[in-house]
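Peer 1: What follows is the residue order along each chain.
Protein chains: 2
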Amino acid sequence: MLTFVGLGLYDERSVTVAGRDAIRAADRVVAEFYTSKLAGATVTDLESYHDTDIEVRDRAGVEQGPDDVLADATDRDVVFLTAGDTMISTTHVDLRLRAHERDIETRVIHGTTAQSAASSLTGLQNYRFGKATTLPFERSHGGTGVPGSVVETLDANRERGLHTLVFLDIDAANDDYMRADHAAALLADADEDCLGVVVARAGSPSPVVRADSLSTLATESYGEPLHLLVVPGTLHHIERDALAALGDAPRELLDAASK
Amino acid sequence: MLTFVGLGLYDERSVTVAGRDAIRAADRVVAEFYTSKLAGATVTDLESYHDTDIEVRDRAGVEQGPDDVLADATDRDVVFLTAGDTMISTTHVDLRLRAHERDIETRVIHGTTAQSAASSLTGLQNYRFGKATTLPFERSHGGTGVPGSVVETLDANRERGLHTLVFLDIDAANDDYMRADHAAALLADADEDCLGVVVARAGSPSPVVRADSLSTLATESYGEPLHLLVVPGTLHHIERDALAALGDAPRELLDAASK
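Residue numbers (the working numbering), protein chains in the order written: chain A, -12 to 246; chain B, -12 to 246.
Next comes chain A alone, as it looks inside the complex (with noise of 0.2 Å):
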């Protein structure tokens, strides 16, 4: 059996009570941290909560040499823990449809999601967002400001009145983590007035929701990362009262984004 735990957002205490169980019952467990990270706990953290050795694998290690945990599922009870929920990635889908191929059985615990966190923690509606997006380091994408991609995103939803979720860069290896500040500058550079929100830490005992101008955001900072975008559509008034209350936002430009 091969189970694939999302750890959720934070630290070893984000993840589920399901979760857990399947992590202390396991044989083996494997780790991967490079599609995200919990910003809350170390590997040793987790090792320690759980009691239990964690065995991290890097992208190569997960993507080109799965074989051993694959036929380790095959007797044995392996598990494969991931940040956030899990198969978010497509790593872990092609790793779960190679089990499928061995008729090694599988199963899914899920995590909790920054996207989800993204929407509770601002007063935005979850189903008034419309696709997300990731804006990059420029040195990811070697060229300069915003890819046209995140653009096209952005205005295809602000189009329809919908919210924006933008995920920002994760640079594993170098322990490079894109923060609001500079991704509002990024983003300010076509639009400095307009309204973004930042989520710093979502699912830590200290997130920050902070609402104003991306000019105004580029000049802020939000402590210790992940941090998280959000480019709001239009505003209906509880979402309005929201991001005033919970993110300080100005009332004037709430109200040039509400109908």
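Honestly, the hints are just simulated from the structure, not real lab data. Hints should not be assumed to be uniformly reliable.
A short, non-exhaustive set of chain B residues, derived as facing chain A with CB atoms under 10 Å [claimed, not checked]:
#, residue
1, -2
2, 0
3, 1
4, 5
5, 20
6, 110
7, 119
8, 154
9, 156
10, 160
With the C-beta cut set under 10 Å, the calculated list includes, among others, these residues of chain A facing chain B [what the hints assert, rightly or not]:
#, residue
11, -3
12, 35
13, 48
14, 51
15, 54
16, 80
17, 161
18, 190
19, 233
Given the structure is predicted, the values throughout are model-derived calculations rather than measurements. Positions of the beta carbon are idealized from the N, C-alpha and C atoms, including for glycine.
Chain A is fixed; fit chain B onto it per the hints.
Peer 2: Showing chain B alone in chain A's frame:
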């Protein structure tokens, strides 16, 4: 302190460890199950698992009569429980803002969501979903068939090649939950050959994923609720492989929906 805790998707073990700890440390625990429910645990199961009393409120008890809860939260630790993630409904955001107005500290402990599970169970990539929608019972919207707003959301997402998550109506007062075969039949009226993906009992130990034409899905049954339906947009090859392997989808339908 007023702490909002999402109980997650299925039963008493779907909550995060952090959420469980908050429930156990609380002076008072209040819950609502009219926006969603746990299919795998009763209130008694939750009370027994957490060794605490839980006061269940109906809609009026949350929306019109939360004053006693707020008064209590000024100097005691009150926990407010919901199925899935918390703050998904405007009801919860409104309660949080009322607490905020009274200078009561609030905290959010996230839960796993159907939205994320629909993506991770099917292999459909989360960043390829557009706006989600809810298909109501015909008696709820007082019309026949599929409301125009649902059709518009499906069409607008499809035009951009995006998947649509269709939440199915919940009539908590009558303990009635729309089944996916019923939903597929409603949607098949417009396009019977359209590919659909049923997700039943996400987060449970026995989830079902089934992908086929809407007209075929309408003839099958998927067991106990809760059910969801996804109408995929354009499929990437890994998504196509996942729907074939995990949802037993016919190849010709998948090829028609692929790039």
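Peer 1: Are residue 1/B and chain A close enough, Cβ to Cβ, to be under 10 Å, as the hint says?
Peer 2: Status holds, d = 6 Å.
Peer 1: Verify the interface restraint on residue 110/B: the C-beta must sit less than 10 Å from at least one C-beta of chain A.
Peer 2: holds (5 Å)
Peer 1: Given a cut of 10 Å on the nearest C-beta pair, is the interface hint for residue 20/B held or broken against chain A?
Peer 2: Violated: closest Cβ of chain A sits about 18 Å from residue 20/B, beyond 10 Å.
Peer 1: Just to be careful: measuring from the Cβ of residue -3/A to every Cβ in chain B, is the smallest value less than 10 Å?
Peer 2: holds (8 Å)
Peer 1: If you take the shortest Cβ to Cβ gap from residue 35/A to chain B, is it below 10 Å?
Peer 2: violated (14 Å)
Peer 1: Quick one, is the residue -2/B hint okay against chain A at 10 Å, beta carbons?
Peer 2: holds (8 Å)
Peer 1: At a threshold of 10 Å, is the proposed contact between residue 161/A and chain B supported by beta-carbon distances?
Peer 2: violated (23 Å)
Peer 1: Is the shortest C-beta separation between residue 119/B and chain A less than 10 Å?
Peer 2: Cβ of residue 119/B sits 5 Å from chain A, so the hint holds.
Peer 1: Do the numbers back the hint for residue 5/B, that is, is its least Cβ distance to chain A under 10 Å?
Peer 2: Holds, about 4 Å.
Peer 1: Residue 51/A was flagged as interface toward chain B. Is the shortest Cβ-Cβ separation under 10 Å?
Peer 2: violated (16 Å)
Peer 1: Can residue 160/B be said to touch chain A, with a Cβ gap under 10 Å?
Peer 2: violated (21 Å)
Peer 1: May I ask you to test the interface hint for residue 156/B with respect to chain A, counting a Cβ-Cβ separation under 10 Å as satisfied?
Peer 2: violated (14 Å)
Comparing the model with each numbered hint stated earlier shows that hints 5, 9, 10, 12, 13, 14, 15 and 17 do not hold.
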